[in-house]
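Q: In numbering that gives the first Met the number 0, the protein residues as written are 0 to 115.
Certain hints may be false.
Simulated crosslink set (DSS-like; lysine-lysine; CA at most 30 angstroms straight-line) [said to hold, decoys possible]:
no., residue 1, residue 2
1, K47, K9
2, K67, K85
3, K24, K72
4, K59, K72
5, K58, K72
6, K105, K6
7, K72, K9
8, K9, K24
9, K85, K58
10, K105, K85
11, K105, K72
12, K47, K59
13, K105, K24
14, K58, K24
15, K47, K67
16, K79, K105
Think of the hints as simulated: they come from the structure by calculation, not from any bench.
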Amino acid sequence: MTLRNEKVRKALMREISDILFREIKNPHITGIVSITDVEVSHDNSYAKVFYSVMADEDKKKETVEALKTVTPKVRYEVGKRIRLRKTPELNFILDESLERGFRITKLIDQISRGEI
Numbered sequence: 000m001t002l003r004n005e006k007v008r009k010a011l012m013r014e015i016s017d018i019l020f021r022e023i024k025n026p027h028i029t030g031i032v033s034i035t036d037v038e039v040s041h042d043n044s045y046a047k048v049f050y051s052v053m054a055d056e057d058k059k060k061e062t063v064e065a066l067k068t069v070t071p072k073v074r075y076e077v078g079k080r081i082r083l084r085k086t087p088e089l090n091f092i093l094d095e096s097l098e099r100g101f102r103i104t105k106l107i108d109q110i111s112r113g114e115i
């Protein structure tokens, strides 16, 4: 990854988080949502936005669907904030690694206390 791509990646993470949690007021985006990573293509035309949601399954599904509907608005706002030749296509991908890590830590704690 080039230095430019790394700068674009960091800027996208910062701006997408700000846009989602300050600009867009969608009541269907619930629970604790965080942007965990962004991967940009070599030409910065595509970006995979990894996010996690800490909520029950129903609210998580609702949030996933809501993010799909607000993607064009987020892309538009990113284009206004970050000066790039072409605003990248955004693809939101649910990242469940934080949730898996939390469950594993909980299981290890239970084992160490002799509960399992």
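Q: Hint by hint, work out which the structure violates, then give me just those numbers in ascending order.
A: Failing hints, ascending: 6, 9, 10, 11, 13, 16.
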